[in-house]
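J.: Here are the chains, one letter per residue:
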Amino acid sequence: MPEAPLLHLTDVVKHFPLGGGVFTKPTAWVKAVCGVSFTVQRGESFGLVGESGCGKTTIGRMILRLIEPSGGRIEFDGQDMAALSRKDLGRLRRRMQTIFQDPYSSLDPRMPVEQIITEPLRTGPRPPRAERRETAKALLDKVGLREADLDKYPHEFSGGQRQRIGIARALCVRPELIVADEPVSALDVSIQAQIINLLADLREEFRLSYVFISHDLSVVEHICSRIAVMYLGSIVELAPTESFSRAPRHPYTSALLSAVPLPDPHRKTGRFAMEGDVPSPIDPPAGCAFHPRCRYAFGRCRVEKPVLAPATPAHSVACWLNDGRGQCETERNGHRAPAKAEAPD
Amino acid sequence: MKRFFRNKNFTCGFILSTLVVGVAAASLIWTPYDGNKMNARDRLQGPSWTHPLGTDQYGRDSLSRVMTGAMNSIIVGLVTVAIGLTIGVALGLASAYYGRFLDEAIMRFSDLLFGFPAVLTAILITSILGPSMVNAMLAIGIFYIPVFARLTRAVAGVVWEKEFIAAARVSGISEWSITWRHVVPNILSPLIIQGTIQFAVAILAEAGLSYLGLGTQPPHASWGRMLNEAQTFMSASPWLAIFPGLAIAWAVLGINLLGDGLRDTLDPRMVRIR
Chain A
339 MPEAPLLHLT DVVKHFPLGG GVFTKPTAWV KAVCGVSFTV QRGESFGLVG
389 ESGCGKTTIG RMILRLIEPS GGRIEFDGQD MAALSRKDLG RLRRRMQTIF
439 QDPYSSLDPR MPVEQIITEP LRTGPRPPRA ERRETAKALL DKVGLREADL
489 DKYPHEFSGG QRQRIGIARA LCVRPELIVA DEPVSALDVS IQAQIINLLA
539 DLREEFRLSY VFISHDLSVV EHICSRIAVM YLGSIVELAP TESFSRAPRH
589 PYTSALLSAV PLPDPHRKTG RFAMEGDVPS PIDPPAGCAF HPRCRYAFGR
639 CRVEKPVLAP ATPAHSVACW LNDGRGQCET ERNGHRAPAK AEAPD
Chain B
1490 MKRFFRNKNF TCGFILSTLV VGVAAASLIW TPYDGNKMNA RDRLQGPSWT
1540 HPLGTDQYGR DSLSRVMTGA MNSIIVGLVT VAIGLTIGVA LGLASAYYGR
1590 FLDEAIMRFS DLLFGFPAVL TAILITSILG PSMVNAMLAI GIFYIPVFAR
1640 LTRAVAGVVW EKEFIAAARV SGISEWSITW RHVVPNILSP LIIQGTIQFA
1690 VAILAEAGLS YLGLGTQPPH ASWGRMLNEA QTFMSASPWL AIFPGLAIAW
1740 AVLGINLLGD GLRDTLDPRM VRIR
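From first to last, the protein sequence lines are chains A and B.
Position in the first sequence (first residue = 1) + 338 = my numbering.
Position in the second sequence (first residue = 1) + 1489 = my numbering.
Worth flagging that the hints you see were computed from the coordinates, not collected in a lab.
Quick reminder that beta carbons are idealized off the backbone N, C-alpha and C, glycines included.
Just to be clear, a hint being listed does not mean it is correct.
[Claimed, not checked] As a list, the in silico EDC-like pairs of lysine to aspartate or glutamate whose alpha-carbon atoms are at most 20 Å apart:
1. A/Lys480 x A/Glu543
2. A/Lys480 x A/Asp426
3. A/Lys363 x B/Asp1592
4. A/Lys480 x A/Glu413
5. A/Lys475 x A/Glu389
6. A/Lys490 x B/Asp1756
7. B/Lys1491 x B/Glu1664
8. A/Lys363 x B/Glu1593
9. A/Lys425 x A/Asp440
10. A/Lys475 x A/Glu413
11. A/Lys363 x A/Asp621
12. A/Lys475 x A/Glu494
13. A/Lys363 x A/Asp349
14. A/Lys425 x B/Glu1664
15. B/Lys1491 x B/Asp1756
16. A/Lys490 x B/Asp1753
17. A/Lys480 x A/Glu542
18. B/Lys1491 x A/Asp489
[Claimed, not checked] Looking from chain B toward chain A, a few residues come up when the C-beta cut is under 7 Å (computed):
19. Lys1526
20. Met1527
21. Ala1529
22. Arg1532
23. Glu1652
24. Phe1653
25. Ala1655
26. Ala1656
27. Val1659
28. Gly1661
29. Asn1675
30. Pro1679
Here chain B stands alone, though its shape is the one from the complex:
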């Protein structure tokens, strides 16, 4: 554990991410106001002592909404990446290993998913399954599968050709444990990086879907939804967009730094050089 914190990226990323998670967790127990409660008298107020981040067009407290939104956004990011990563990596590994027909089938399926614009695919899926945050996550997660499948196939294909794989085979190790012991650790770096990128993209994608009424349902808050609602009041009340935007930037920066640090500390070549 100590060796992780010797890495500056990891430490910074860890602190930033922990703060976001902390805020999200705190929102479950306490927020300054009820984030969903409207108050027509206090609408569109700037930051003040009573409402540190101001209020929106319905007089809802922005700070409370950013806090509850943190939970939603983190869940969206984690769940979508988890779906894409597990299924995508499994498919990519199978594709790289078996080749031939299975490879062809998986890759053409990826092409098919890629052939549609992301939002369109998500709209399609959510309109079939019905609009809700869970279905929005499912839609984004499904769209992530080919992203990870392709990446995994490409890098795993290279690793399988290495001579240390042949050496492991000569040793009589099963193909399954070769995959776990040799292939997966060697493709981890690009996967971690891709995962952190997709995490950030998911938060924004959820915003897009929410905007179309397919994601988080009103009156509940997510950062993306808050950004979209703030658009209308951009010139009069810019803080409505600035604070959820900053929150997204914060979380994305945190997760990216965390990913970079993780990649470097997990790579034995980087640790000792420093």
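Next up, chain A with everything else stripped away, as it sits in the complex:
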């Protein structure tokens, strides 16, 4: 039997109720995630990119079982997480950990560092105190902090150092999967690079897999081997990193890529700025969710929602352009799309 992938999501859906109290029904539903499927292999870094509110954090939280999915399946190492007993879920949880975005809110201000990073050890058979301290010491060393920091409290550290503490905590139980939810967005650019490099080194050393959530494509490109772009609760494009920046197929991805600042002011980019705002996930547009902002939108886009389908074996896209294969070379360079089924109205 072939080894099951480490993480496998099938048609995962999450709707949040809006309003409504004890006696009243919710007035609306926020469709935060609508049918997302992807697979993360062992040792792989999988990037999840999109604007704020596109549902990427919600997916991360569902993987960690911090919130229950409204529908679909999440399998970890071949086991359906919804079907697990409390005890088994606890065991499974030790195999995945998380790194949070806000290094200020993610550490308990009333706990010394040693206790923070050895907290995951409190589940299951608890090692003796001296051993826990040894573990904490070794972990701090791995993330580049000193032994003297063990008895300090979080407020005594800078943002970058706090994020290192958060990483040490995540590593404590030797997890296989780490869900990193915007782990560097709250940090200065110079510190960002340090933390990203640290994460890359740790992946080698601990044979980790990452689900790396970020709104910053340049960060994700740096660390991930495959990237999924999300828009309004759905994945619109999923591809290996190389083919991604070179040949994006979804107009939304092109827009995101052209928004990445380049250090060369003379470089000409076929800049494709999006107009308008992200539509509300309470009442998403019919058809392709991106069509109101897409300059290539045509008739079919307004009626039928495109599904994520392979354009090449490794590269999937959810776009009706070119019969569901997304943009091709000529369009990507910023010219108008010549091949369209219908003319724009």
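Fit chain B to the given chain A structure using the hints.
T.: Chain B in isolation, oriented as in the chain A frame:
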């Protein structure tokens, strides 16, 4: 322990409170006179060598009464805060955690209790249970439950949203130990402050109830009762009000300083800055 006494507030508060407790404890063994014994010949005397704090309208020694009253007042303060704190915090935590129906039920119950004036609620409770000091404490304690429940719900609600709670959940820690290890320590500061305030309020509330004949029963002394009895003689014998009043101020100051010091020393952020 040493780190507590490095805090000036804590040290001052500790000394003041210890003195009050000491006096209260001493009154069990020895008072200059029997505080409840009347002596018509010595009524309404000013402070003198024989009666350092003077005597009241029945000729009872004020110093002895302030000393025995200390015990009653401390017990009132401690017991009422203990009732309000334990039940209120438990309800508040449950409210913040479970939300929805339970939250709604607990909070509307709090509204109900708050809807009546405090004294009226206390009168209601004591008139049902009968007037005595124990019932007065019970009445005040019950009135404190929503005070602490609301405060706890508000601050615990904020803490539950923090990411370190999510981190603890991902670690597989049970909700129960998250509550104990993360939530309770993080809501301690406002609770300590509220507790010291309510302690002071309880001493005065007991005075009010005693005044209505629902609290400490005569001839026994409590500071609040002494204050109320002194009202009538305010202009002729002001010392009758001044000394129990000073005693209340002393105890309240002590407990407030103690609370402030405790809050600061328990907060790791304050300790190292100083």
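J.: Look at each hint and say if it fits the structure.
T.: Hints versus structure:
1. A/Lys480 x A/Glu543: The hint holds at about 10 Å.
2. A/Lys480 x A/Asp426: Judged against 20 Å, a Cα distance of about 29 Å means the pair is violated.
3. A/Lys363 x B/Asp1592: Holds, because 17 Å separates the two Cα atoms, which is no more than 20 Å.
4. A/Lys480 x A/Glu413: With a Cα-Cα distance of about 30 Å, the restraint between lysine 480 of chain A and glutamate 413 of chain A is violated, given a limit of 20 Å.
5. A/Lys475 x A/Glu389: Status violated; Cα separation ~38 Å.
6. A/Lys490 x B/Asp1756: holds (13 Å)
7. B/Lys1491 x B/Glu1664: Violated: lysine 1491 of chain B and glutamate 1664 of chain B sit about 33 Å apart, past 20 Å.
8. A/Lys363 x B/Glu1593: Measuring from Cα to Cα gives roughly 16 Å; hence the hint holds.
9. A/Lys425 x A/Asp440: Since the Cα atoms of lysine 425 of chain A and aspartate 440 of chain A sit roughly 30 Å apart, the hinted pair is violated (cutoff 20 Å).
10. A/Lys475 x A/Glu413: violated (34 Å)
11. A/Lys363 x A/Asp621: Measuring from Cα to Cα gives roughly 18 Å; hence the hint holds.
12. A/Lys475 x A/Glu494: At roughly 17 Å apart (the allowed maximum being 20 Å), glutamate 494 of chain A and lysine 475 of chain A satisfy the hint.
13. A/Lys363 x A/Asp349: violated (26 Å)
14. A/Lys425 x B/Glu1664: holds (14 Å)
15. B/Lys1491 x B/Asp1756: It holds: about 15 Å lies between the C-alpha atoms, which stays within 20 Å.
16. A/Lys490 x B/Asp1753: holds (17 Å)
17. A/Lys480 x A/Glu542: holds (12 Å)
18. B/Lys1491 x A/Asp489: holds (18 Å)
19. Lys1526: Not OK, violated: lysine 1526 of chain B not within 7 Å of chain A, min 53 Å.
20. Met1527: violated (55 Å)
21. Ala1529: violated (60 Å)
22. Arg1532: violated (57 Å)
23. Glu1652: Holds. Min distance 4 Å.
24. Phe1653: holds (4 Å)
25. Ala1655: holds (6 Å)
26. Ala1656: holds (6 Å)
27. Val1659: holds (5 Å)
28. Gly1661: The hint holds - glycine 1661 of chain B has a Cβ within 7 Å of chain A, the shortest such distance being about 4 Å.
29. Asn1675: Cβ of asparagine 1675 of chain B sits 6 Å from chain A, so the hint holds.
30. Pro1679: This hint is violated: proline 1679 of chain B lies away from chain A, its Cβ roughly 14 Å from the closest one there, beyond 7 Å.
Of the hints listed earlier, those the structure fails to meet are numbers 2, 4, 5, 7, 9, 10, 13, 19, 20, 21, 22, 30, in rising order.
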